[in-house]
Amino acid sequence: MTTEFVYATYIKSTPAKVWEAITSQEFQRQYWGDGISADWNKKGSKWHKETSGACSIHGEVLESNPPKRLVITWVDAAENSTSKVTYEIEAIEDLVCLNVVHSGLEAGSNTAGKVAIGWPRVISCIKTLLETGKPLNTWAGLDMNHDKDAA
Amino acid sequence: MANSEFVYVTYIKTTPEKLWHAITNTEFTKQYWFGARCESDWKVGSPWKIISDEQLFDSGEILEINRSKRLVIKWQNEWKPELKAEGYSRCTFEIEAINNITKLTVTHVIDKKPSKLIEAVSGGWPKILSNLKSLLETGQVALESK
Numbered sequence: 258m259t260t261e262f263v264y265a266t267y268i269k270s271t272p273a274k275v276w277e278a279i280t281s282q283e284f285q286r287q288y289w290g291d292g293i294s295a296d297w298n299k300k301g302s303k304w305h306k307e308t309s310g311a312c313s314i315h316g317e318v319l320e321s322n323p324p325k326r327l328v329i330t331w332v333d334a335a336e337n338s339t340s341k342v343t344y345e346i347e348a349i350e351d352l353v354c355l356n357v358v359h360s361g362l363e364a365g366s367n368t369a370g371k372v373a374i375g376w377p378r379v380i381s382c383i384k385t386l387l388e389t390g391k392p393l394n395t396w397a398g399l400d401m402n403h404d405k406d407a408a
Numbered sequence: 254m255a256n257s258e259f260v261y262v263t264y265i266k267t268t269p270e271k272l273w274h275a276i277t278n279t280e281f282t283k284q285y286w287f288g289a290r291c292e293s294d295w296k297v298g299s300p301w302k303i304i305s306d307e308q309l310f311d312s313g314e315i316l317e318i319n320r321s322k323r324l325v326i327k328w329q330n331e332w333k334p335e336l337k338a339e340g341y342s343r344c345t346f347e348i349e350a351i352n353n354i355t356k357l358t359v360t361h362v363i364d365k366k367p368s369k370l371i372e373a374v375s376g377g378w379p380k381i382l383s384n385l386k387s388l389l390e391t392g393q394v395a396l397e398s399k
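So the protein lines, in turn, are chains A and B. Its first residue numbered 258, the first sequence is counted upward by one per residue in my numbering. Its first residue numbered 254, the second sequence is counted upward by one per residue in my numbering.
Please note: incorrect hints may appear among the correct ones.
[As the list claims (entries may be wrong)] Part of the chain B face toward chain A, derived, beta carbon under 8 Å:
no., residue
1, 263
2, 266
3, 379
4, 395
5, 396
[What the hints assert, rightly or not] When the alpha-carbon atoms are kept at most 25 Å apart in a straight line, the in silico DMTMM-like pairs for lysine to aspartate or glutamate are as follows:
no., chain 1, residue 1, chain 2, residue 2
6, A, 341, B, 372
7, A, 391, B, 349
8, A, 391, A, 350
9, A, 274, B, 390
10, A, 269, B, 390
Calculated directly from the structure, the hints in this document are not laboratory data. As the structure is a computational prediction, the values presented were derived from the model and not from experiment. Glycine residues also receive a C-beta, built at the ideal position from the N, C-alpha and C atoms.
Working from the sequences, and respecting the hints, build out all of it.
Below, the structure is given as structure tokens:
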């Protein structure tokens, strides 16, 4: 059975700035916790993210429609599972609704658990970065087991 | 019986004490809850309500309270008949300090599936909690109106 993780957030910003925060490597480095190698503006381009331990993720850009919609595949090398992430950016008056849908996750899998822990950290940091100009260090001193152990 | 659940986690540059004040101070809640306010004397067994434009939106009772850490509310919608008909849900706020930031987890659950109440709050919580985060970090809310 597959499941999805959905996270909406409202950001005092513009669609262009939210798009930049999602796709530019300079921004990505500030909230992914680690480097990411990607050109998310180009359909078909391959991306990968290296984190410590066995949490290596890579994928491909399926759809890139700046500054509105980005769809990427998400391959978790540890589980050899492929899921899909859709970013939707919608302007509402003078702010932006960013909706992230991570779909095609195997229910109860490690990947599903990890992304449910990770997305709130990533997106909380994107919002703070865009609204205050400073990143929020949501990964410091934490590892993916922190929340799992607490749960 | 199957449950419906909505969970939202957000990380805020603030302290657990300031976040607690933001959640439990009636005047403060007005600022990020689109003009609605939460009222209670915040003791176990005390009534709790959300009032907007002098009309009762939600009502319930404090089930559990642990200052700056945990709050559990028995919660019934009073505004829409189809939501009120679902009866009581349970909303839990959990606050955790991690380094110099604060993690807030809101879990809203009801013992029915599907649930119109959980569907409604799934749209509402991201707006309210986005506002709360902006207010604590920048002094201003993100959304002024619903």
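Evaluation of the provided hints:
| no. | hint | result |
| --- | --- | --- |
| 1 | 263 | holds (5 Å) |
| 2 | 266 | holds (6 Å) |
| 3 | 379 | holds (4 Å) |
| 4 | 395 | holds (5 Å) |
| 5 | 396 | holds (6 Å) |
| 6 | A:341 / B:372 | holds (23 Å) |
| 7 | A:391 / B:349 | holds (21 Å) |
| 8 | A:391 / A:350 | holds (24 Å) |
| 9 | A:274 / B:390 | holds (19 Å) |
| 10 | A:269 / B:390 | holds (12 Å) |
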